[in-house]
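A.B. asks: Given next are the chains, with one letter for each unit.
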Amino acid sequence: MQDALKITLLSGASQWKRRFLQPLLRQHSALVGLAIIAVYVIAAVFAPWLATHDPAAQDLMASLQGPSAAHWLGTDSYGQDLYSRLLYGAQLALIIGFASVALGLVAGVAIGLAAGLMGGRTEWVLMRIVDGLLAFPELILAMAFMAVLGLGTENVVYALALSFVGPFARMTRGDVLQVKNQPYIEAARLMGVPTAAVIWRHVLPNVVSPILVQAGMRVSIAILLESGLSFLGIGVVPPTPDWGLMIAEGRAFITMAPWISGVPGVALAILLVALNLLGDGLRDAYDPNTRKDA
Amino acid sequence: MQAPIFSLLDVERTYELRGRGWLNRTPRKLKALDGVRLELQRGDTLALVGESGSGKSTLIRLMLGLEPASDGRVLYGQRDLAQLDAEERKRFAREVAFIYQNARGSMNPRMRIADILAEPIRLHRLCEESAIADRVVALIERVGLPAGLLQRFPGELSGGQIRRVAIARALAAEPRVILADESVAGLDVSVQAQVLNLLRELCRESGITLVFITHDLGVASYLCDRIAVLYLGRIVEQGPTEAILNTPRHPYTRALLQAFPRFDMPLKASLSGEIPSPVDLPKGCRFAGRCPQAQSACRETDPVLTAHDAGRQVACLFPVASV
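Taken in order, these protein sequences are the chains called A and B.
Under the working numbering, read the first sequence as residues 61 to 354, first letter to last.
Under the working numbering, read the second sequence as residues 23 to 345, first letter to last.
For the record, the hints were derived by calculation from the structure and aren't laboratory data.
Keep in mind it's a predicted model, so treat the numbers as computed, not measured.
It is possible that some hints are incorrect.
To be verified - Which stretches of chain B does chain A cover? Using the computed rule of at least three CB atoms under 8 Å from a CB of chain A, they are:
#	stretch
1	120-128
2	142-153
Claimed, not checked - Partial selection, computed: residues in chain B whose CB lies under 7 Å from chain A:
#	residue
3	LYS112
4	ALA115
5	ARG132
Said to hold, decoys possible - Here are some chain A residues the structure puts well away from chain B; computed CB gaps all over 10 Å:
#	residue
6	ARG230
7	PRO265
8	ASN266
Every residue gets a Cβ at the ideal spot worked out from N, C-alpha and C, and that includes glycine.
Chain B on its own, in the form it takes in the complex (with noise of 0.2 Å):
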């Protein structure tokens, strides 16, 4: 078995909150992230699920080297991100793209098009200054838009094509590992579609590692073999998407799985309550205050994830049984 490309080892990230006021300056913390754990083969497609707040954009930030781990480590391949040296931390540019949820945002409002595809590539001296022109025409079409959007300055792009733009964007540098924050969240469905079928093309076609946060499991479904299961900052359950949407063992998963409207079922609203604020967890289980089969065992004793059957790890006292 090869070394797995990224690995987090026990990951935390807390921020700390000072108390207003002067008198009471006693900081309290805020857990983002508890102990998470996870593991990338190249070429893994894995999403990463869960409410607002459960922690899935501080994990991609981490992964990114744009905030530094309060404690574990983030290793991409062997190293460390919080030690490379010049050299490395560039390769780390090249090879892992990352597509913002704020695509249009993600862009120089000042830039064309043409400019803003060109830089990655003339960044790392991907080809020839000359054959750069065709590169980009060759990138745009890649994500199925015109060429003639080459010469446009974001602003003046729809929403779907901006989002293409910032996949061509990411391919541009030929990474080896994209990192996607809700990519296709608030588009109409026939763009939504066209988006995720480009995503998968390229995972399958050019054996890209994907890792793709969102909060829809049709989603996560379509596009990735995996998902991992966030809720306040901890992994609760992660496993291959088949068994994960079929035989949920943790009631956060089985209860996000009936939040999901269909066609031929009523909807119940399966989860009652807010997330709790991840600044004083409670004691235990961290679901417990909201899972209908909470017991007296899941106020006293914080579960560790644990493997169960062929790759699946989940992190409840008494798991759902497999119906």
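If we strip away everything but chain A, and leave its shape as in the complex, we get (with noise of 0.2 Å):
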């Protein structure tokens, strides 16, 4: 007995590698990818004290500065630190990034599973608004909820996690429709487990993979959403050391100072690069859809 369970324990850990974590082991680019966001988490974790400069202090003497050894990046036409603010700047797309991704699954999933369970009038009613959502492009829709919503970086959030509600309920009815016909549904109902428990048990489980991969890919353009709002002006408030921000005060400069915009630029094209490696490397991994070697 004692040894059974220390055998079951130990074959317990093994499964759990094989899995998880060899799949995403295999994908190569995935790795590149997770290394690269890192190093910018790293950045973003510790831009207390890895920045030089108070982000938003201005010191008009030092304006539109190259690189040098007290501004490592420069400075902009404020005579903000270019390097302190990239810093601050990663933390606040990550934060934009996730944070809006989760919250529009986490309403997104909800519809997704009411519609998917409930059938009949109840499903009408919400995929016609989700209807509704898709049918305008994300950033379209962003500004629009940007405009009711009014600026600041709480609203941002509210608005691309709203853009994103549709594509996750629409994902994630599909599934359920897919899961809840399965006889293993039936079973548990048969058994008398309650629908509360069926769903978080029995259904939930079973449709979060392709949605947790579709989230992964998300998150990086939800940063591009917010990049280019704040790049438009209707996004995060100045001075929020935002890359959008940055990039939009640096245009005027460009020909002068191209490191003012080209700095955050550089780093939201590699940050994207990378997150879409990695989504691209769940998806393989997990995604049952385009798994190959299963």
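The two chains are supplied separately, each in an independent frame; assemble them into the complex guided by the hints.
C.D. replies: Right, dumping it as structure tokens:
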């Protein structure tokens, strides 16, 4: 008995490795993406210690300087240190990216579950709302919400989250429709499992992996949209250190001081590429629809 | 005599088929079950035998309350299945277990075997939280599987193993009735024997009432004391296993027996043709079209299930005489 338990515990750990770690380790490009993202996350988390200046401190005497010992990546037109702003900008970008996707995911999955499980009129109403959300491109939708909600970091998160509800809801509903007719759902009901437990234990785990993969890919879209909104002046309010804002500020000086837009632009591009690499890798590793080796 | 544990009173189940196109909207009716009367005493082991499409699975689904009866009543104990309140429904869920034909499909692929077996125990609070692990180990050993399988996922088990896990899960809730749908079909012979022996032991030891769907008369005779033969949604013959196998009274039962391959006899196709569509049932006996000894009266009168000798009922105007 003791032995048996020991064996099961050991094999439990190796099972976990085999199911979750190994498929990912096989995706080399995903690992590259992961490494780059790790650098960004470290930069964001330790920004207060890594930064050399206050990101919002203006020093007009030192404006429009190129990279130097005092300002490693130069300064912008207000004399703000670009290196410090870049670090804090990473913080903001990652927080907004993940928070908005998480929020959109929770709402979208809830709507998708409700529509898929209840069916009938509820499903019809919910899915028509989702269709409405999906009719607009994300950027347009987010802009519209920003116009309603007003400027500010929090509102950017809400606007982006709202624009992600549609895709998550539709995807969840599709998978739920497939799963709810599986015999194990009926078996659980027959055993007398309460509805909430059926959803939590039997439906959700079987629809969650493609949704999480999708979420991973959406983070990069969220960061891009957030920068876009800020660039257009309907996102984060200055002097918050934000990449989109920084690019917009540097636009006027692009010939004299290309580093002002260039530094955040390159940082953004690299992060997006890394996120996409990771997202593709996650999809190849876990999404049953595209799994090749299963 | 004690009250029956399950009684089916003239149960019917019809499905409406909508006509194709919107000019032809007259709904047609498909009769999957047509006046089934059945009683199960505690400790009974009953085999439901019949060809594909004879209504075996529909009958089971009605007994589980998964589908409502269109007419007639399904009683569990004294209560109508359609009128159970929440409390009774919970009790029914615990006392009646179902083993799916598709054992693998009836288990959540994302749950470990240990959790699958623990679920009904936890659900019905059959023992202390701390004792659940021991109970699960006992269950898996009861069906002759090593405890090492507990940490696996259903997709990693073989066909024979997964069926035994399905039996273990059915036992987990300590049921009084087990309904099993083709639980050994498609297994190779040695594994089939193991599963059958396991089921037989369980019934003998714990007095579980068993209803077993099969189209294999050999399996039916090994496992069950009683056999009910279904044809096109109606029981055409039922009675003690031995009597039915030795002296089939209904021509359909006899044909089924002759279709059973034997070592020492050449096999002749005893039943020609397909089971007719249950949409437009012919007038008269529903087996008349395929019956080797059909007479003109058979095409006019629909025979009812009538009692013959000891515990036997046959629905035939001209039952085969005992040899």
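A.B. asks: Each of the hints needs a verdict: does it hold here or not?
C.D. replies: Evaluation of the provided hints:
1. 120-128: Satisfied; 5 residues make the cut.
2. 142-153: Check passed, 3 qualifying residues.
3. LYS112: holds (5 Å)
4. ALA115: Since the shortest Cβ distance to chain A is 3 Å, the answer is holds.
5. ARG132: It holds, given that the least Cβ distance between ARG132/B and chain A is near 4 Å, below 7 Å.
6. ARG230: Given a closest Cβ separation of 22 Å, the condition holds.
7. PRO265: violated (4 Å)
8. ASN266: violated (6 Å)
When each numbered hint is compared with the structure, violations occur for hints 7, 8.
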